Amino acid sequence: DAGVIQSPRHEVTEMGQEVTLRCKPISGHNSLFWYRQTMMRGLELLIYFNNNVPIDDSGMPEDRFSAKMPNASFSTLKIQPSEPRDSAVYFCASSLGTRGSYEQYFGPGTRLTVT
Amino acid sequence: KNQVEQSPQSLIILEGKNCTLQCNYTVSPFSNLRWYKQDTGRGPVSLTIMTFSENTKSNRRYTATLDADTKQSSLHITASQLSDSASYICVVTMSGNTPLVFGKGTRLSVIA
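Top to bottom, those sequences are chains A and B. Reminder that position 92 of the first sequence reads as 92 in the working numbering, one-by-one numbering, no gaps. Reminder that position 24 of the second sequence reads as 24 in the working numbering, one-by-one numbering, no gaps.
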């Protein structure tokens, strides 16, 4: 099994540019989670989907952030316009369900640097 | 407020030595607690999961304990190896379909 796939692995962009992060969950998993990790704040949940439907986006920091899941095998997280404070590692995770008893499997992350 | 506090923030030990990482939580209602290992440049990987009724669980050289009364958990690593160098994150789940509550992790460095 390939695991959760994220692309790109690294992204460097200038302030004001649009950034799109991509995620392919594990086949058969119906829940997908987007996280942001920084040294100061650790892992923070941004948004999660169940059966392609956004369930909770209260962690999305601002309107500049948006996420979509057009089908069961693909999701995007978009930042427009990007700012230096968005620099972080963004992780996508998938699981068999949204209940805490289901293990979440994390992708390798996308390291975003906004200059 | 639902919080997970981990200590120490960082730890350096010699190869072959044992160490214990701590996790205190105020999450309620409690469902389960996981310890994740995160290698540098990679996503977290689950080491163990503990439910309310479990006090101790072992996974090779890792032993996790849970005291649901005092809301404390620990992760003990025996005979540490260089490959144990990583961040260890304590994650607590509440009952129902609710998001996980993450600690900020303990950064462990095992040196030769």
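Source of the hints: derived by calculation from the structure; they are not laboratory data. Because the structure is a prediction, the values reported are computed rather than measured. Any given hint could turn out to be false.
[What the hints assert, rightly or not] Calculated lysine-lysine pairs in the DSSO-like style (CA-CA distance at most 27 Å, straight line):
#: 1; chain 1: B; residue 1: Lys-104; chain 2: B; residue 2: Lys-71
#: 2; chain 1: A; residue 1: Lys-24; chain 2: B; residue 2: Lys-37
#: 3; chain 1: B; residue 1: Lys-104; chain 2: B; residue 2: Lys-37
#: 4; chain 1: B; residue 1: Lys-17; chain 2: A; residue 2: Lys-78
#: 5; chain 1: B; residue 1: Lys-104; chain 2: A; residue 2: Lys-24
#: 6; chain 1: B; residue 1: Lys-104; chain 2: B; residue 2: Lys-1
#: 7; chain 1: B; residue 1: Lys-57; chain 2: B; residue 2: Lys-17
#: 8; chain 1: A; residue 1: Lys-24; chain 2: A; residue 2: Lys-68
#: 9; chain 1: B; residue 1: Lys-37; chain 2: B; residue 2: Lys-1
Comparing the hints with the structure gives:
1. Lys-104(B) - Lys-71(B): 17 Å, holds
2. Lys-24(A) - Lys-37(B): Holds, at about 22 Å.
3. Lys-104(B) - Lys-37(B): 12 Å, holds
4. Lys-17(B) - Lys-78(A): 45 Å, violated
5. Lys-104(B) - Lys-24(A): 26 Å, holds
6. Lys-104(B) - Lys-1(B): 16 Å, holds
7. Lys-57(B) - Lys-17(B): 20 Å, holds
8. Lys-24(A) - Lys-68(A): Holds - the C-alpha atoms of Lys-68(A) and Lys-24(A) are around 12 Å apart, at most 27 Å.
9. Lys-37(B) - Lys-1(B): 25 Å, holds
Figure legend: structure checked against the earlier numbered hints; the only hint not met is number 4.
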